[in-house]
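Novice: Put chain B on the given structure of chain A with help from the hints.
Now for the letters of each chain:
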Amino acid sequence: MRFRAKIVDIACLNHFTRIINTIAKLTKTCILRLTVCKLYFILSDKVANGGASMWCELCQGNFFDEFQMEGVAAEHNEIYLELVPENLSRALKTAQNAKAVKIKLTNKHCPCLRVAVELPSLSSSSRIVTHDIPVGVIPRRMWNDFREPSVPDFDVSIYLPVLKTMKSVVERMKNLSNFIVIEANLSGEMNLKIETDLVSVTTHFKDLGNPPWASEDGCQSSAQGRDLKSMVDVCIDIKKLQQLLAGQQINPTKALCNIVRKRIVHFILLHEEVSLQYFIPAVT
Amino acid sequence: LSRIGDELYLEPTESGLSLRTVNSSRSAFASFLFAPLFFQLYEPGIAGPDTELFRCKVHMKSILGVFRSLPSLEKSVGKCLILLKPRASRLVLQLHCKYGVTKTHNLAFQECERLQAVFDTQRCTSRLCAPARVLAEAVVHFPPTLAEVTLGTGPGGKISLQNYVEEEAEPRKTMVTQLWLAEDEFQSVAMAPGSHITFCLKELRGLLSFAEASNLPLTIHFDEPGRPVVFTLDDTVLEVHLVLATLSDLESDSESALTNGASHVPTLSDDFADDLESYMAAMETSEGGSGGPPSP
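Note that the protein sequences, when read in sequence, are chains A and B. Under full-length UniProt numbering, think of the first position of the first sequence as 1, with each following residue one higher. Under full-length UniProt numbering, think of the first position of the second sequence as 1, with each following residue one higher.
Calculated from the structure, these hints are not laboratory results. There could be a bad hint or two in this list.
Straight line, CA to CA, 27 Å or less: simulated DSSO-like cross-link-like pairs of lysine-lysine [said to hold, decoys possible]:
1) B:Lys173 with B:Lys202
2) A:Lys25 with B:Lys173
3) A:Lys254 with A:Lys164
4) B:Lys173 with A:Lys108
5) B:Lys103 with A:Lys99
6) B:Lys103 with A:Lys93
7) A:Lys93 with B:Lys61
8) A:Lys174 with A:Lys164
Isolated chain A (complex conformation) (with noise of 0.2 Å):
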């Protein structure tokens, strides 16, 4: 089992950076599966994380300009480990003007993904800096734990509002409600409203448009000609959707959910290099 990888270019190290970020504030520990071709960042449904699970899936080839991975085996030419995007976030935070990031799985006392960065100093030499993050090595037997989660039979499929002012009503949401309904319908509009005691509030999004799928047969489960108008709504834990909007730096080019009723919302962030999916389940 060998990887090893580079990234001399700025633009894409900072770009990375900023997925590890993303991830990094959505949860404390996650797996990272390694292919030939891509880097995957799971979170699996766990009671632990409040039900939430994450995807986040990119290609290799955008970011390091050297890329080297041999599998546990040859027919099995993968490596998942467990490790915490907080580590990994701190690592690269001050590596933004490095010459060059290498990054390599060792054993020297333990597992580790050592990342050492090379950085410009004034003297004749670089200067050096190596972070060794602990890392846990996933035995295959556990890897279908970890499989891609299908995207669920949803009732509306809706493109979000800009995130940023999303983020903003959700913040100040939060500090109403420990609970948000997002509703939404086939007619681009959106609702997020929380209500308590003494107080609701309801922001309403309209003219957002619907992704082609929505109104094709992917929505299987709902009748024939329902109303476009009528809304699909989900009760969720709000610091966990402040957590996706506030804590995102991919500023994706495509942002959209994918609603079943009372169940389940399925956040798509999606860019040209990566993409993030998020689930967060309906609260009991």
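Specialist: Same frame as chain A, now just chain B:
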């Protein structure tokens, strides 16, 4: 000084006004000595044959309140008068500002013993001197909450800084960060190979910001682990000392001394056989992306 202790000791001497402090666990001591030339007027008072020059201590918070906002002080204050009134038990700080405004602060003080840490920089076997900027840039890679850091030597005469991981902490869970600086980043280096010293980084950060702001080089004096490490800053009118307690080797057994110390002995080969030296060499020469280190 406020980053270290809660009380400010003022000691006027013939050679200048000394401001000192010590932290609650007595593991950090700092002193700033302002020469008489630093002041427009300096009258330390008269010491008789039986009496020493008066000294006192005040609460750090009260004196910080007087000098709270540096930008506005620079804009509005013309002169500052510091007056010690033993009989009235007051330390008077008078700020003469623009437009004829005078702000007078009367601080209560307590008499005190002389505050002095025991150290002798002449007897230290190792000494490093570097521009404050280099050390400030080095320290930025460590988390702000980090307690201890180990300074040591490494292969090729490099100087290393590494976060210290306590034995009790699970080694499998803690991230280890290590920074390597070349000798020529320092103005002078006198360190025995294999020497290392572990001290509290938090207490140094305050001094580093001061040094960076005043653009003064910082000198680090140390000896064996366990004996204090002394950081000094010097210029014509100011002498600064920061003395920190260090971890002795008895507190870290020989195994962790190796992991924390600068000498990285390449370990037994296994599936991930790892050679730091060639890895670092490859890092430095990889301008054109000459691939990774030689495979094991």
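Novice: Please go over all the hints and tell whether each is borne out by the structure.
Specialist: Against the structure, the hints:
1. B:Lys173 with B:Lys202: holds (22 Å)
2. A:Lys25 with B:Lys173: It holds: about 19 Å lies between the C-alpha atoms, which stays within 27 Å.
3. A:Lys254 with A:Lys164: holds (14 Å)
4. B:Lys173 with A:Lys108: holds (14 Å)
5. B:Lys103 with A:Lys99: It is violated: about 52 Å lies between the C-alpha atoms, which goes past 27 Å.
6. B:Lys103 with A:Lys93: Between lysine 103 (chain B) and lysine 93 (chain A) the Cα gap is close to 44 Å, so the pair fails against 27 Å, i.e. violated.
7. A:Lys93 with B:Lys61: violated (34 Å)
8. A:Lys174 with A:Lys164: Roughly 15 Å between the alpha carbons, so the hint for lysine 174 (chain A) and lysine 164 (chain A) holds.
This entry does not satisfy hints 5, 6, 7, going by the numbered hints stated previously.
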